[in-house]
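Please work from the sequences and hints to get the whole structure.
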Amino acid sequence: MSRMRPLARRLLAGLAALVAAAPLGAQTTGGVAGRITDAATGLPIGSAQVSIIGSTAGALTGTDGSYAIRGLAPGAVTMRVLRLGFAEARQPATIVAGQVATVNITLTAVPISLSPVVSTATGNQRRVEVGNAIAQVSAAELTEKLPVTNMGDLLQGRAAGVTVFGGMQPGAGIRIRIRGTSSLSLTNNPIYIIDGIRMEGATGSSTVSVGGTTPSRIGDLNPEEIENIEIVRGPSAATLYGTDAANGVVVITTKKGVAGRPQWTYYTEQSAVQDRNNYPTAYTGWRTGTTAGTTTTRSNALAAFCTITQVAGGACAQDSVTSYDLTRDRQATPFGTGYRYQHGLQVRGGSEAVRYFLHTEYEDEDGVTMVPQFDRAFMASRNRSLSAAQSNPGGMAKFTTRANLNVTLSPKAEVAVSSGYISQDISFPRSDDSGTPGIAANIYGGPGFRLNTTSTGDTLYGWREFTPRDIYQGETTQQVERFITSMSGNFRPASWLSGRANLGVDYISRTDQQLCRFQACPNIGQDRLGFKIDNRTNFFTYTVDVGATATRSLGATLESKTTAGVQYIRNTFDRNGVTGRQLPPGGVQISAAAVVTGDEATSESRTLGAFVEQNIAWRDRLFLTGAIRSDRNSAFGADFKTVFYPKLSASWVLSDEDFFPKPDWVNQLRLRSAYGASGVQPGTTDAVQFYSATTFRGEAGDVPAVVYTTLGNRNLRPELSAETEVGFDGTFWDSRVTAEFTYYSKISRDALISRVLPPSIGTGATARLENVGRVKNAGVEALLTIQAIKGENFGWDMSFNGTTTANKLLTLSDLPSIVTSSTLQQRAGYPLNGWWSRGLLGFEDKDGNGIITYNADQNLSEITVSDTNVFLGNPLPRRELVMTQGFEFWKRRLRVSAQLDYKGGFQVYNNTERIRCASRNNCQAMFDRNAPLFDQARNVLVREHPSRSVAGFIEDGDFLRFRELALNATLPTEWARALRSRSLGVTAAVRNVGILWTKFSGVDPEAFGTTGDAPSSFQAFGPPTYFTFRFTFGF
Amino acid sequence: MPVQTMLRALRSRLPLVAGRTVAPVAAALLLAACNPSEFLVVTDPDLVNPADVQSAAGADAVRLGALRRFNAATSGGESFLVLGGLFADEWINGDSFIARQEIDQRVVTIENSFVLGASRDLHRAAVAAQQAIPLIQQYVPGAPGWQVAEMYLVQAYLENLAADVFCSGVVFSTVENGAERYGGPLTTAQVYARALAHADSGLALVTGTTTNDVRVRTALQLVRGRILLNQNQPALAAQAVAAVPTTYQYLQFHALTASSNNFWNWSNNTARYSVGNTEGQNGLNFATANDPRLPTCQGGDVICRAISVTRSNRDDLGTPFWAQRLWTGPETSFSVLIGAEARMIEAEAQLRAGNAAGALATINAYRATVSGLTPLTDAGADAARVSQLFRERAFALFGRGTRMGDLRRLVRQYSRPANTVFPTGTWHKPGGSYGADVNFPVPFAEQNNPTAGAGVCLDRNP
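Chains as they are written, first to last, in the numbering used here: chain A, -6 to 1028; chain B, 575 to 1036.
These are calculated hints, taken from the structure and not from any lab test.
Given the structure is predicted, the values throughout are model-derived calculations rather than measurements.
Check each hint, because a few of them may be wrong.
Stated by the list, open to error - Some chain A residues judged to face chain B by a derived CB distance under 8 Å, without partners named:
1) D322
2) Y561
3) N564
4) R574
5) P577
6) R599
7) R625
8) V699
9) S753
10) V812
11) S815
Yeah, the Cβ is synthetic: ideal placement off N, Cα and C, and Gly gets one too.
Next comes the structure, spelled out in structure tokens:
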């Protein structure tokens, strides 16, 4: 303590000097104030960014367009104004000590523009200064005009190079991949920054299984609270975000207050939700002597069935073939119409000194899965019933509230406090890949007739074994309470120096529960004895981010900006879990269980990083940036200390050069290039060697024991990704056409490969992370927006957002290929998570009987199969194109927009059809000789060929989806006034209108679980369709 | 060019830039320089560090951990005791997993995930036992001999099992003082020799007369006899097991709080395995033999319902579903080794020595200890006597991991064609036939072993 006292005294003295310096400075400075207005209409422009070139000073305009900047050094300055939708404006001004000059500036609207300012790790920066293409999603605009119900809707198809895999059930998580996958063994999730601090964005965020439907924490956010999302696509741009940023960064900015009188907004959304997908029809071929489908028969009573290959082999003769699709039977279908509603209220306003944004919302959604009519009748006849929650097991209720405050402490200092609270309850149906007791497994697995029965003679209506009356008794829920709070400060002690600090924490309390009461749930194992799982997890993500920037005009042509910063990130995960088995009648708590087991898990990761960045601008048209970041992390191996990530970029506004032959149709053309590196850190315990505690049951009872778990790796270091991108962007024809083009090439060196350990080594862990691989991702991203017609009463705009991605595992060093699963392998020269299996090389109906058969004698066999595994395709789309068309009428009061989404160049494992053929005995190719020969061939391959290869079920996943259709109207002011409001907007929209074209024969090429990087469509429901009405009232 | 112009301008103003760069950089360096390690120290309570086992209590915990692993490698996991029976005729597949069906059909790929999983369990137990020995010797020098001997038992038992089920080319590696030491492929004969050496090492250590001494010594004698029989030395095998009482059992215990009995789990609980019944022409009628050593019931019948097997079909909805009644609950203990095997070994030695009457007498003496069994009569011919003996072994030792090895021995030691002993012909589910495999391939994952040749079968002979 005694040593600390002098230090504390010095710090206090320094602080006092800084505080004292401010009023002293105020006496020798001046200011500038005024209004920013639209040159065409004269209307004020709010939220415009006004800044003094060559200094750190600036301000945002209020709703009345006014601004004020104080504390400026006397002299001539140039002001710059930036605002989305308007051309950049500059104006000279003279600052006089002790006076506030009045400078009013007008902006000229342009038809299309990208936001002129982007967020970077060093603070906001003009887009033209950045050597990267940074995608932006205007959340505030999209949520008001389109059917955006969650973060997936908000991001899907909005930015080139960003692939979003959405969930199929309420509350299901989304998975985001930016520029493909580059990490084989670590996460490919981007990191998320919200209002300057890191937030948890894990996918598969649940500890109880319901199959593929798991939440992701990014899904907790409410799109209504977000102003803007920027997507930093790769290491070349994400370098300064440090270790973990190699997969890209999603920078989220929530809405802020705007100076002016309070603006109240109330909105409500009402949606009907339907499952409009086509599910496969089940088939049954009946052996002669049996009665086809008219008699009650046990499900999959194979003795009564006769397959076409058995017919061909003379083993049986078919009496008939029946087919049945229970989803089209009103009595049997589990699909009904779900309902979603949302009510939100927000207010924003304030003064030049204090601005606020307050928001609160309640949202409730019931999924499309219901209790079928026959089940209701069954239960009614037996005086049984399900609870309300059980009757509609897929649902979500969410309450969010946010308070954001911006305070201008002095002309040199501002503080922003951003605070959000989320409370949500999600209940999950056991749908995607949820095994024998899952809904989907029982829908997909039933026979081709309606009157199949249980062992006790009850009719199953084509369900395989269990029906919702039992399945829905299993209750799976997740409760989340989440606070995301940050505080940001900006301080400008001198006109050339600014400091900033972001502090914050993202706290999540998650409770996962699963309950089967005594004598409830399907008769699987010991489930009907009752069990309860209760797992409680706390997540903390702390951020401390401090930086300073020095700027300097070096004469008329050069400007310099130097930024340095330090960042500290700490993540902790702390879980207590308990499972109780064998519940008494009525018992629903763990304490009621006869057998209770508990577990505890903790992990923590800490990163400390520092960076320095130098920007040089020449004549405001050539911008060079060089930077380096160093990181140390608690997960690095003991023999590895610090990692350095370099960065270089250049941006050149070519059209501003005198030598550029600037034709009339070119407004601006910019070339850019960037190189940068970033990393992905290993898991918290990947580097260390350890044992794990366990329990051994001896003759005298349970005793504690330890088992050897993993070898560890003392040399473990982060995966290092280095990326180069080059491109151009420009605006043409009076800014009616905007184009962006980027080529990127990313190499992940020291790729952390989860090296499979040979079984003989005897460790508990089956793999060990080693820095041995090299992965390349390269591709092209292009954005083209066109304002084709811009008239008073009619406008037509369109945008095309395209991406190509090529992914390849360049080397595994000397390791053998990694067999991830029976269908996925990692081989050098091929994409990560490529599909592999013994290939179906050909098929031919040699005997002309219309039935494809297998024979061990190749001369007689009608299928040809490769001797070894062959590459069958890419798991992720290599080509994506999003096309948006918008039509506007009557002074933009009515807008109709549509979005089409194409994905191609990838393969999806139609695992549902595989299990239907291989095990459920109900696919068409098994029983119906009218089935296409290819379908028969893959059926024979998986059922009868010794390889049991599933190659025939790895299908092209290409599709063209009508993603959304929206009609947005701003109703006349008189109408709004009649409802005592300032404004009234109405939106009618449909999300997931349907698939227009696809090569995939399964339910939907996007219908698979929300985790993993290989799309296996396994007993999953397709995406539902949302029909939404939204009303937005302004007061 | 603009870049050159810019650089010229920059050069002349470098001092100005440098001056203002110093402030933020210096601040950052100052913050970064304050011993960053302090911010990065993380202690993970989930882990038990290697230093924590460097004590008497630690060594004992490792020993118990090895037994926990042994439990998983036998009846506490989907081990080779289960998979070997699926490959042979003890069980048939009753679910939709292709990898299990491959095993049932005898067309096992090197990527088979269940073989890999069982292989890992086997090696985990063997390596754990190996690691426990020096720890016990160093930190518990006064430990009773049976404790180290039991670690040798674990190794000997599992090495013999590996030789029984795998092709030639099995690898044994180890981790010593935190560093891995990879082994190379061994022939089947070498693996049996290794197992025998470990059994001998164990027997040399256990000389006392306490219950544990007797328990472990008897188990080692049985394992030794089993190995010698596999080495085609029936007389020595009989000698090795002579002192083993017929009533002896080496038990694995199960509890919901530790590990469940997996025979119960995979058959009665989840119906993914059904007891075999004349599978593939050559299989024995395990399910319907009404043998009191293997009581069965048909899923959903009165008897099955009494042991909570209420479903009448397998997981794949196929029928019949035959459940076993040896292990009727998750906490039912499992006798990994039983004294009956000693009698079977003795009978086989007698038969091989030409003493058919003696063999039959030995068998019948054993049968007399089992309620409900009647004496057998002489089968008449040598081949029939062998079949009779192996059938007797099959029922006496059902589920104990000997059946696959026995079928291989019938081919190897009794010169029977494989397609007359293994399930053969049309598979029991529609479509497909039985293959020709007589053993499991070494899992593909073993090719990550840097030792030359590791991960590839030396041969696939029986």
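Results of checking the hints against the structure:
1. D322: Cβ of D322(A) sits 20 Å from chain B, so the hint is violated.
2. Y561: Because about 6 Å separates Y561(A) from the closest Cβ in chain B, which is inside the 8 Å limit, the hint holds.
3. N564: violated, 10 Å
4. R574: Holds. Min distance 6 Å.
5. P577: It is violated, given that the least Cβ distance between P577(A) and chain B is near 16 Å, above 8 Å.
6. R599: holds, 5 Å
7. R625: Holds, about 5 Å.
8. V699: Since chain B brings a Cβ to about 5 Å from V699(A), closer than 8 Å, the hint holds.
9. S753: With a minimum Cβ separation of about 4 Å from chain B (threshold 8 Å), the hint on S753(A) holds.
10. V812: holds, 5 Å
11. S815: holds, 6 Å
Hint compliance for this structure: hints 1, 3 and 5 are broken, all remaining hints hold.
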